[in-house]
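Using the hints, position chain B against chain A.
As they're listed, the protein sequences go chains A and B.
In case it helps, the numbering used here puts the first sequence at residues 1 to 323.
In case it helps, the numbering used here puts the second sequence at residues 1 to 323.
These aren't lab readings, by the way, just hints derived from the structure by calculation.
A couple of the hints might just be wrong.
[Stated by the list, open to error] Derived PhoX-like pairs: lysine-lysine, alpha-carbon spacing no greater than 25 Å straight-line: (1) LYS31(B) / LYS135(B); (2) LYS145(A) / LYS145(B); (3) LYS31(A) / LYS145(B); (4) LYS135(A) / LYS135(B).
Okay, here's what each chain looks like letter by letter:
There are 2 protein chains.
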Amino acid sequence: MKTLVDMGSPVGAWLSNELDSVSSILSDHLKNKHHEVNDLCNELATYRGKMLRPSLLLLSWRALHPAGHIPNSVRIAAGVVELIHLATLVHDDVLDEADLRRGKQTINSLRGNEAAVMLGDYLLSSAFLLCSTIKNPELNILLGKITNTLCAGEVVQLANRNNVGLTLEQYYQIIHDKTASLIAACCEMGGVLGNGNTEQLKTLRKFGEGVGTAFQIKDDLLDLLERQEDIGKPAGRDLEKGKLTLPIILLLTTNPSLKNGVEEIVANNDRCALRQLVDSSKSVEAAVQKVNSLVEEAVGGLSVVFSNEVSSQMCLMVEQLKV
Amino acid sequence: MKTLVDMGSPVGAWLSNELDSVSSILSDHLKNKHHEVNDLCNELATYRGKMLRPSLLLLSWRALHPAGHIPNSVRIAAGVVELIHLATLVHDDVLDEADLRRGKQTINSLRGNEAAVMLGDYLLSSAFLLCSTIKNPELNILLGKITNTLCAGEVVQLANRNNVGLTLEQYYQIIHDKTASLIAACCEMGGVLGNGNTEQLKTLRKFGEGVGTAFQIKDDLLDLLERQEDIGKPAGRDLEKGKLTLPIILLLTTNPSLKNGVEEIVANNDRCALRQLVDSSKSVEAAVQKVNSLVEEAVGGLSVVFSNEVSSQMCLMVEQLKV
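With the rest of the complex left out, here is chain A (with noise of 0.2 Å):
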């Protein structure tokens, strides 16, 4: 398959064909002796993207080991990594009454919330079940306390919906636990499973928290922008569901007397005030500033620690990110 890494490089090659092994492992582990599960699974298509936790915990490995013959508990470990993903991506929907997703129909608006809240279930479950046959029981516990952490990410969140006072380290913790704890996750395993030492495990983590909190801001930023095409689902769905983000907090904590203001733009769902508001500060310049400075510094943090093509790539790869 495509990967996010350069397809002409070893690297990149590489990472194509184990993508490739991650995908039958899943496709296996997935087939359900009840047709009705099976059919319900073959919706998922449209949620499989480019594979950027798998593809993360495979290169953490690789930069470990750039020659060595990698174990099929890492493969499996990469898989667990993206069914955890999709389940959240399925429940997300629900929770964000989405209809649209890389520019197809969600679960939710083609079979209802309970089979999409049930898919969720079973996938998560299923990830649970994979992660297990590694039998590695301090894996299975770094999984388990990654899952309680999206989760809380999440309670946090929607606890907060509508909340103009939210402040930049709620924010960052809320974005930190719904999608940059996984991301390290990933990086972390790939770096267990690999024998890594303190300081490379650390590193890694450190990287997949910079890049996964990058991630997340980005996202964000194109949600308000409403750049639609680039994110193959509707724009200004933060707004509608009361998600305060990153450009409009930090508008908020330079001018606090523009909450009322913002409180009512939230309750009216009034997009065209808030880009107004926006497009009027330079809070969108900085969160621009924010997600290019934390793709630099993870750049930075693992290219002190490793240094080879794996390495090189990862910092290349992640640096798309940029805006």
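Just chain B, lined up with the frame of chain A:
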């Protein structure tokens, strides 16, 4: 706490103590650094019942060690199955659009579907994390298989809403998957943790399967017969959700010509007509007999392999299921 076993017996006193320990384990395990998560978990109080599943796990272990010292892993496993059960209740209520459970408001009605979906996910994730702390990979695999089965049961049930052609075999498969499989796993996990031999494990699993099947048929019967006071939730929900249950399937098996009429009743959610149809047949009686014979078989099977004070109390406990 009050148990399902005679509180005056030594087994009842032991179980009561152990269930208190399990409850403490759960409270500690669910504590989160975010108050929003704790607030949501606090709503679960309504969902806590008599802890049938942890009781069966603890008693199954105890039947193998009537005087032994209980390892903490058994209590933890009992907590795990309760968490899985709670997760299914929370998501089931979303699926069923239920407003009441045990006579109190459901989480979805109090906090909205979105919070209920996330809480269910958090409970599922917490269950796997708790199970992983036992560091017994086989137990994790068993748990993963069971939760996959639970989800599959719900998916198949959903796909067969309003299907008046549902066969007896399909119905039994659904209730096995969505209910009996977890109850059977509770008994088996108690046995596995108690180092039971193959015959003992098989006996415990079969006992749980019988009990679980009887339990679900009875639950369906109470819903059909509108015994709201017995179930703590509005009756007639199965009809409303197009779920065909045993008496109706038995009726249609012996009188296929009634299919069109039942299809109309289901389409119109006509409880009155359904009751009339069922009351004029022997199918409720047949369903009652099925519950009672399942309980008798379960008790009989257990008594062949186990004969001590613990297994006797297990039998007395499940005999309360008889109608």
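CA of LYS31(A) to CA of LYS145(B), is that 25 Å or under? The hint holds at about 13 Å.
Given hint LYS135(B) paired with LYS135(A) - CA-CA distance at most 25 Å: OK: LYS135(A) and LYS135(B) at ~9 Å, within 25 Å.
Do the alpha carbons of LYS31(B) and LYS135(B) lie within 25 Å of each other, as the hint requires? holds, 21 Å
Within a Cα-Cα threshold of 25 Å, do LYS145(A) and LYS145(B) meet the stated pairing? Holds, because 20 Å separates the two Cα atoms, which is no more than 25 Å.
Going through the hint list in order, the structure satisfies each hint without exception.
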